[in-house]
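Respectively, the protein sequence lines represent chains A and B. Heads up, the first sequence is in this note's numbering, so the first residue is 62 and it goes up one at a time. Heads up, the second sequence is in this note's numbering, so the first residue is 14 and it goes up one at a time.
Hints were generated in silico from the structure; no laboratory data involved. These numbers come from a predicted model, not from an experiment. It is possible that some hints are incorrect.
[What the hints assert, rightly or not] For the chain A half of the interface with chain B, some residues (derived, Cβ under 10 Å), not all of them:
{"#": "1", "residue": "147"}
{"#": "2", "residue": "169"}
{"#": "3", "residue": "226"}
{"#": "4", "residue": "356"}
{"#": "5", "residue": "359"}
{"#": "6", "residue": "360"}
[Claimed, not checked] Some chain A residues near chain B, calculated using beta-carbon distances under 10 Å:
{"#": "7", "residue": "77"}
{"#": "8", "residue": "81"}
{"#": "9", "residue": "123"}
{"#": "10", "residue": "124"}
{"#": "11", "residue": "152"}
{"#": "12", "residue": "154"}
{"#": "13", "residue": "158"}
{"#": "14", "residue": "160"}
{"#": "15", "residue": "163"}
{"#": "16", "residue": "178"}
{"#": "17", "residue": "228"}
Cβ coordinates follow ideal geometry from the N, Cα and C atoms, glycine included.
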Amino acid sequence: MNLPLVIETEDLHKTYREGLLRKRRQHALRGVSLDVRPGEVFGLLGPNGAGKTTLIKILLGIVHKSGGRASLLGHPAGSQISRGRVGYLPENLRIARHHTARTALKFYGRLSRMNSRAIAQRSDELLEWVGLANRDRESVKGFSKGMGQRLGLAQALLHDPDLLILDEPTDGLDPVGRSQVRQIIQQLKQQGKTIFLNSHILQEVEMICDRFAILAHGEVKAVGTIDELRGTGDDVAAVLTTDRLPEATIEQIKGHFEQAIIDPLPHERLRIQLDPCSSAQLDAMIDRLREAGASIHQIDRGKSSLEQIFLSLVQPNTKGAT
Amino acid sequence: MRPYLAVITDSFREALASRVLWLVVLGIGLFLAVLSPLGVRNEVTTQIKRFDVTSGQRLVSLLQAAAIMPRRTAAKAIVEAFPDDLQKRLRESERPDAQKVRTQDAIDALNALLDNDDWYDASLWAETTRLRELRELDEADESTLTDDTRRRRNRLRLEAALPGVFHPRSGDSVRLKYAIFDFPDAFVVTRATFNEILNRVALPLIVNLLLGVLGVFIAILVTGSIIPEVFQPGSLQLLLSKPISRSFLFLAKFVGGCSFVTLNITFMVVGLWLIVGFRLHHWNHNLLLCIPLFVFLFMVYYSVSAVTGLIWRNAIVSIALTVLFWIACFLVNVTNGMFDEFVAAPATLTQVARLNDDIVAATRNGDLQRFDRSKSEWQVLLEAEFGRGTRAIGPVALPESNQVLVVQTRGGPFNPFSGSNDRLMILTPDEDWKPIDGILLPAGTRDIFAGQDDTLYAYGTRGIARATSDKLEADGKPAPSGGVFSGLMSMLGKQVDGFEIINPDSVGLDTPMNVGLVPGSKSIVVYTRGRLIRLDPGDSNAYVVGTEVTLEGESNQRAALAATSNHVLIAREDSGIEIYDLQSLEKQSSVPVSDSGKPTDLIAQADGGTLVAMLFADRNVLLVDTTTGKLADVEVPHQGSIVSVAWPDGGPMLIAHDLNHVTLFDPSSEVVSDVLIPTPGVWRLVRDWFVKPLHFIFPKPGELGETVQGLVIGDSEIEAGPPSGVDLAYDRQLLAIWPPLISCGVFTLLMLAVGCYYVSRQDF
Numbered sequence: 062m063n064l065p066l067v068i069e070t071e072d073l074h075k076t077y078r079e080g081l082l083r084k085r086r087q088h089a090l091r092g093v094s095l096d097v098r099p100g101e102v103f104g105l106l107g108p109n110g111a112g113k114t115t116l117i118k119i120l121l122g123i124v125h126k127s128g129g130r131a132s133l134l135g136h137p138a139g140s141q142i143s144r145g146r147v148g149y150l151p152e153n154l155r156i157a158r159h160h161t162a163r164t165a166l167k168f169y170g171r172l173s174r175m176n177s178r179a180i181a182q183r184s185d186e187l188l189e190w191v192g193l194a195n196r197d198r199e200s201v202k203g204f205s206k207g208m209g210q211r212l213g214l215a216q217a218l219l220h221d222p223d224l225l226i227l228d229e230p231t232d233g234l235d236p237v238g239r240s241q242v243r244q245i246i247q248q249l250k251q252q253g254k255t256i257f258l259n260s261h262i263l264q265e266v267e268m269i270c271d272r273f274a275i276l277a278h279g280e281v282k283a284v285g286t287i288d289e290l291r292g293t294g295d296d297v298a299a300v301l302t303t304d305r306l307p308e309a310t311i312e313q314i315k316g317h318f319e320q321a322i323i324d325p326l327p328h329e330r331l332r333i334q335l336d337p338c339s340s341a342q343l344d345a346m347i348d349r350l351r352e353a354g355a356s357i358h359q360i361d362r363g364k365s366s367l368e369q370i371f372l373s374l375v376q377p378n379t380k381g382a383t
Numbered sequence: 014m015r016p017y018l019a020v021i022t023d024s025f026r027e028a029l030a031s032r033v034l035w036l037v038v039l040g041i042g043l044f045l046a047v048l049s050p051l052g053v054r055n056e057v058t059t060q061i062k063r064f065d066v067t068s069g070q071r072l073v074s075l076l077q078a079a080a081i082m083p084r085r086t087a088a089k090a091i092v093e094a095f096p097d098d099l100q101k102r103l104r105e106s107e108r109p110d111a112q113k114v115r116t117q118d119a120i121d122a123l124n125a126l127l128d129n130d131d132w133y134d135a136s137l138w139a140e141t142t143r144l145r146e147l148r149e150l151d152e153a154d155e156s157t158l159t160d161d162t163r164r165r166r167n168r169l170r171l172e173a174a175l176p177g178v179f180h181p182r183s184g185d186s187v188r189l190k191y192a193i194f195d196f197p198d199a200f201v202v203t204r205a206t207f208n209e210i211l212n213r214v215a216l217p218l219i220v221n222l223l224l225g226v227l228g229v230f231i232a233i234l235v236t237g238s239i240i241p242e243v244f245q246p247g248s249l250q251l252l253l254s255k256p257i258s259r260s261f262l263f264l265a266k267f268v269g270g271c272s273f274v275t276l277n278i279t280f281m282v283v284g285l286w287l288i289v290g291f292r293l294h295h296w297n298h299n300l301l302l303c304i305p306l307f308v309f310l311f312m313v314y315y316s317v318s319a320v321t322g323l324i325w326r327n328a329i330v331s332i333a334l335t336v337l338f339w340i341a342c343f344l345v346n347v348t349n350g351m352f353d354e355f356v357a358a359p360a361t362l363t364q365v366a367r368l369n370d371d372i373v374a375a376t377r378n379g380d381l382q383r384f385d386r387s388k389s390e391w392q393v394l395l396e397a398e399f400g401r402g403t404r405a406i407g408p409v410a411l412p413e414s415n416q417v418l419v420v421q422t423r424g425g426p427f428n429p430f431s432g433s434n435d436r437l438m439i440l441t442p443d444e445d446w447k448p449i450d451g452i453l454l455p456a457g458t459r460d461i462f463a464g465q466d467d468t469l470y471a472y473g474t475r476g477i478a479r480a481t482s483d484k485l486e487a488d489g490k491p492a493p494s495g496g497v498f499s500g501l502m503s504m505l506g507k508q509v510d511g512f513e514i515i516n517p518d519s520v521g522l523d524t525p526m527n528v529g530l531v532p533g534s535k536s537i538v539v540y541t542r543g544r545l546i547r548l549d550p551g552d553s554n555a556y557v558v559g560t561e562v563t564l565e566g567e568s569n570q571r572a573a574l575a576a577t578s579n580h581v582l583i584a585r586e587d588s589g590i591e592i593y594d595l596q597s598l599e600k601q602s603s604v605p606v607s608d609s610g611k612p613t614d615l616i617a618q619a620d621g622g623t624l625v626a627m628l629f630a631d632r633n634v635l636l637v638d639t640t641t642g643k644l645a646d647v648e649v650p651h652q653g654s655i656v657s658v659a660w661p662d663g664g665p666m667l668i669a670h671d672l673n674h675v676t677l678f679d680p681s682s683e684v685v686s687d688v689l690i691p692t693p694g695v696w697r698l699v700r701d702w703f704v705k706p707l708h709f710i711f712p713k714p715g716e717l718g719e720t721v722q723g724l725v726i727g728d729s730e731i732e733a734g735p736p737s738g739v740d741l742a743y744d745r746q747l748l749a750i751w752p753p754l755i756s757c758g759v760f761t762l763l764m765l766a767v768g769c770y771y772v773s774r775q776d777f
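Extracted from the complex, chain A is given alone in its bound form:
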């Protein structure tokens, strides 16, 4: 089945002009192309300043693109039609202090062109769902960060959008709050909602998302499922625990295995990490250690974590550091 894409960008550019005369240029996005399919949870990853928030703002029309193409649900990104079908939870959501949970939902519902009856009905459901039903008439001044995020999620879902864009939804929350938000997202995923998630908490994203895009310096470094990001099944990591080796031997090993990360361990032992590491490379490493007279105490063979993939893409020059 060939369903239409929910988000589609092609060669998207954004250049900010800065300075008094606006002559200094800051390239935030440099040809970003990606797509998000219906019903999937898509994670957008990247270090600070990578262009993640700029990309989201362009999709929502908050920032104007400098070049390229972007569309949401088949409409130009930023158009009123596309914005009407999107629910958005911004980073550091700030709801005006004169609101209660219920009046805030009423206000944002009206901005989404809902009528009073629909707002009242959806508010009851959502407040119950996000666990704020019994505090719906309290001023948001007294809300914790977690309660605020849950209210933000409720407002994003109020008009039953086709796409949810969540910018750092668990940022600043305690473990319980994070767990609650994760559960809500899982439930939305089960309901078939398309979710576009921006976060820098990689473990969480790894747990929730179907696909990822890794953005660095305004460019997409990789897009795909976690397995696609890891590459072939052969290229998994290997961690070996051996006796301590002379410095000259360590240098020789590093010369042969560029991806090797070697850390000293207590009791005169060493930890050697090869990521990725093919079977032939592992055999070669074992042969070399044996030749050096070192005993191999343990060999762990496993898949690369998302963090490892992320770091390898956004910080390639850190590889091999000891």
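Since the structure of chain A is provided, determine the placement of chain B on it from the hints.
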């Protein structure tokens, strides 16, 4: 519209949640609560006030004359009832060491006579001119009169005995009170005066100060954070992600801020309107128009606050820039006003005269000038002393004797009449325009005219005086000392220096008054306190009453007057402009000039034609044909900038315009025969090319005060100078009701357009 209504409603909710709104509401409530016990009680007008007296000098002079007069008159009966000490001071006032009788002493003594009428002698008062109200009270059954009506009758008797001294005041007065406490007598004024003070001073002042200054300032402080608050990260991005237009979001927030202010202004104005209506018994519904007006004024400032708040997203910066804008508007307004006051006004020509080929003119600051064609500039012939409140009467040209006459009087802005020592100054090209001292002008002169055979006429509180051209030069005797006695003689004598009083005794000139000469004749037309009189020359030098009528309408209306060979044109404050037949003084028609208000001056064609020029406060001139009663189809040039008009015998009309330019225009052929334009000085150039253009393009929120005034009084003109009870030739300011609204409206729309453009183009 639903999303934008939600934004506006949300602004309201936000305001209601803030303490500031409730503090402002509390403040307004307290102010209204403090004001609400203020009330009035109706009384009968009895007490004489300082401002009831047209001329203090005349009052004292009349009492002094009565004190020394051997014959018993009504005035003498009054003086005899004064305390002995005051009588003695009045009798001995000519002595150099005498203690001067002040106007207030005389007023206090007159007020002391109000409570009893022992001093009244009906036979003496039979010789006086009594108003209808006094006649009715004199004829009324004594037992039906209350104490107040007796006091009122006594006041009218005092006024009748001292003609030409008092402004007419109606019998209805009000006394201010606060809760159960009455204000002192000083706060008792006639109902008409009270309403006038309320409409022209008190209400505009209160609403302008409380709403226009304090209210708007508080509103700017309170609402300054609304837009920056909306455009903070966290709340803004969520708003912008909704399916709404950015521009409309900005405008809705703007309207939301205005709604908050509207609430407060409405509370204040409606409260004030109810208090003034219920407590002061004066329902001025126009006051309610101040609600949209002050919301509009706030919108002007708030548009600046909104756009700066949008750009800098900081409430403090937004408020600071708005206050700076306020100061800039104020400075531009003040600078414009100062240039008007110190550059334009002194140069403005008040009267122009032509002597053969020479054009002479008096300026507002009292200078007499002659136009030097070779240098294209006004040459000052007689300079007024700076800061002495000098005013020129004239100039008047006497072509046969080749003289120009002018009087520089230093009565100050509050005195519409000349003083007791003002001397005619005679200038002639034969003496190279060097001023020659002339005879003394009768004290209390309002204006001078040139009549047939170079006869000079002067009229004022003393009556109508005449002097022939051969007796105008001073006789070389030293000027009188200026003491009270000389003033007294000048005030009362039939022969005043070279002048001769010519009006009959039955025609005293009481304010309001005006006099016009009939062209080609020696007849004179007089308007005085509701009476229109034609005086004709009698057998001897004295004049006799030809015809006299009492005009319909209030007798205390000020008037402008002009006579043609067959008609009299008279413009009164509330009765419009009417044409009367010169002989019968029967009304012929009314002149239809509904839009132009009342004229400041009427100038008849001196050569016996039928046209009369009407000069209005808006500096336009209309010509009316007195035979048809219709406006003449003549396009007078320089409409909108005409400051004075003269129409000498046998020559074109002299039109002074653009402050000090003069155009010679013949209405019959509609030909401009000459234009005198002086080379402008530096300050005039600065005014014309910098201050005025800047003032034109700058928004004028400060001038909305004039719009308020116009709305409250329901008129487009106000008295700009000191009050004049004499005629219509007082300074009038044409209230700029629409220009500030237009300039502020255009500015606000421009600012909002800038805001909408910025918000739609900006990345957030």
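(request) Could you tell me which of the numbered hints above are not met by this structure, giving the numbers in increasing order? (result) 4, 5, 6, 8, 15 and 16
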